[in-house]
Amino acid sequence: MHYLEIDRFTASYDGKEQVLVDVSIQIAKGEIISLIGPSGSGKSSLLRGLMGLLVPQSGEVMLDGEKVDYTNRKSVKALRERLAIVFQQYNLFQNMDALRNVTVAPVKIRKRNAREVEEEATALLRKVGLGDKLHAYPDELSGGQQQRVAIARALALKPDILLLDEVTSALDPELVSEVLDAIRILAAEGMTMLMVSHEMALVREISTRVVMMDRGRVIEEGSADRIFDNPRTRRCQAFVGKILSH
Amino acid sequence: MGGSLLEQLPLFLSYSNVSFLAQAFGVTVALSIVGCVVGYTVGALLAFIRNRHVVDVLPARFLSVGFSETFRRVPFLVKLMVVFFAFEVVGMRVSMFTVTATTVALAAAAFSAEIMRAGLEALPESQWDAAESMNMGGVMSLRLWALPQSWKVILSPALSFTVGLIKSTSIASQISVFELTYAAKVLNERGFSPVLSFGSLLVLYFLICYPLNLYARRLERQLERPRGWKSGAPLLAESEAA
Ligand SMILES: Nc1ncnc2c1ncn2[C@@H]1O[C@H](COP(=O)(O)OP(=O)(O)OP(=O)(O)O)[C@@H](O)[C@H]1O
Ligand SMILES: [Mg+2]
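Protein chains in written order, with numbering that gives the first Met the number 0: chain A, 0 to 245; chain B, 0 to 241.
Calculated directly from the structure, the hints in this document are not laboratory data.
Some clues are possibly wrong.
Beta-carbon label-pair distances, calculated as ranges [claimed, not checked]:
| # | chain 1 | residue 1 | chain 2 | residue 2 | range |
| --- | --- | --- | --- | --- | --- |
| 1 | A | E115 | B | A21 | 54 to 64 Å |
| 2 | A | I184 | B | R72 | 29 to 39 Å |
| 3 | B | S125 | A | D68 | 43 to 53 Å |
| 4 | B | R72 | A | E139 | 35 to 45 Å |
| 5 | B | A117 | A | G14 | 19 to 29 Å |
| 6 | A | T70 | B | R60 | 56 to 66 Å |
| 7 | B | V81 | A | E139 | 49 to 59 Å |
| 8 | B | A117 | A | T70 | 26 to 36 Å |
| 9 | A | A200 | B | L213 | 40 to 50 Å |
Just so you know, even glycine gets a beta-carbon here, dropped at the ideal spot from N, CA and C.
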């Protein structure tokens, strides 16, 4: 059985134009799905929709065999206890240092023991290479460092699935690899991930499946090699051609 | 009473006059403090209600917007009348001090709601996304990161507004509230030179308002300094808000 089943997910921001149309994706435990597609195709919207930040008009999401009701506070809350998201722009709390950004939710929301959480958070920050930046504030950190704090913050929630939205696209080129390395470590540990990424090397290396989106729809799905070497639809060919030529 | 300014001065500075003015000064300060404490508290609640991340109830938001948009556009004297007659209508017999303090609170609530609304909206939306996706509720968000960040944008205009509000309390002299302006008028009517009566008024208002103005300006400069606020101020604000 799939752990997360997205079935004909349809959503819009203003009730008018649909930014997601009948999107269906299945994710099993341990899988790493990469979402690709041109700008505006709805990749971020899909992740936001899954997190309940954009309420679907129709469609169904099943998490671990249970239907998620996005109009029900409790159901969304339960969902958010199992999914965590890292945004393109990191979205760290600016008034908290790196360590506190990571510990705040486990301590204040999950009500876990502060000492214990702090130890875990320190270990997580070390893991993403920030052992020496525990007490730095976001504006004292580079983009790549902030993004790694954001990854540690998501991991501290011990999610079953990690959603990553173009976590390297806002970074200067020389900062990309440090973040990619952090993601590789997670992949090696078997973390289930749904990630939007155009880092072709990473996508080829770690994804179990690639999903191509265009204008709010899934237009192609398959292994990374199949999608990149042998795209079927013309739009997918054009898009893959463009990113591979970069 | 006649004579030159210099001749009047010792008499003007008599114990009874000075304590008369001091009492009036006390009333003005009390009006300002009571009005601001109540008003800012209500204003904060109104601003929170207005923020869709904190309270997602549309009718409540409309009421909040309606309240502050209306009373921000009404002159102080008119607000004073409204409050006066509102107490009459509900049949409550209250002192003129209470009427004025309520008016000050009303004004403070309407304006501070707007100042805080702007302060909260200045926060990047992305932090709300992060908070919501971690199940962090609106009230906890306010306490943990929204207010600790936006107080910088809120405090300085709030202080400037407070100075204006303190000055507005002088309008209460129109309904015979014994505050500074009223006391100066009385002294003038007792025959003291307007230079002395109203000059002392000038000095006393200045004594209240100038430190506030200075503080507001200093804050503005400090907060503009990049990274200046980081080293501990926000943590302090955070624990204060908690
Ligand atoms: N907050 C918003 N309000 C209204 N419309 C939005 C909002 N965010 C995105 N959209 C619209 O939704 C559509 C999909 O946008 P989305 O951000 O999901 O695309 P994307 O695939 O993530 O693009 P990119 O690669 O540029 O990040 C676009 O047409 C966009 O204009
Ligand atoms: Mg996007």
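Verdict for V81/B, E139/A (Cβ pair) under range 49 to 59 Å: Once the Cβ atoms are compared, 51 Å apart, the range 49 to 59 Å for E139/A and V81/B holds.
Whether the CB-CB distance between E115/A and A21/B falls inside 54 to 64 Å: 59 Å Cβ-Cβ, so the 54 to 64 Å window holds.
Could you tell me whether the CB distance from S125/B to D68/A stays inside 43 to 53 Å? Once the Cβ atoms are compared, 26 Å apart, the range 43 to 53 Å for D68/A and S125/B is violated.
A117/B versus T70/A beta-carbon gap, inside 26 to 36 Å or not: 31 Å, holds
Do the Cβ positions of A200/A and L213/B conform to the proposed distance bound of 40 to 50 Å? 59 Å, violated
Verify the CB-CB distance for A117/B and G14/A against the hinted window 19 to 29 Å. 28 Å, holds
Would you say the C-beta atoms of R72/B and E139/A sit inside 35 to 45 Å of each other? 43 Å, holds
Does 29 to 39 Å hold as the CB distance between I184/A and R72/B, or does it fail? Given range 29 to 39 Å: violated, Cβ gap about 58 Å.
T70/A paired with R60/B, Cβ distance criterion 56 to 66 Å: Cβ of T70/A to Cβ of R60/B: about 20 Å, so the range 56 to 66 Å is violated.
Checked against the numbered hints above, the structure violates hints 2, 3, 6, 9; every other hint is satisfied.
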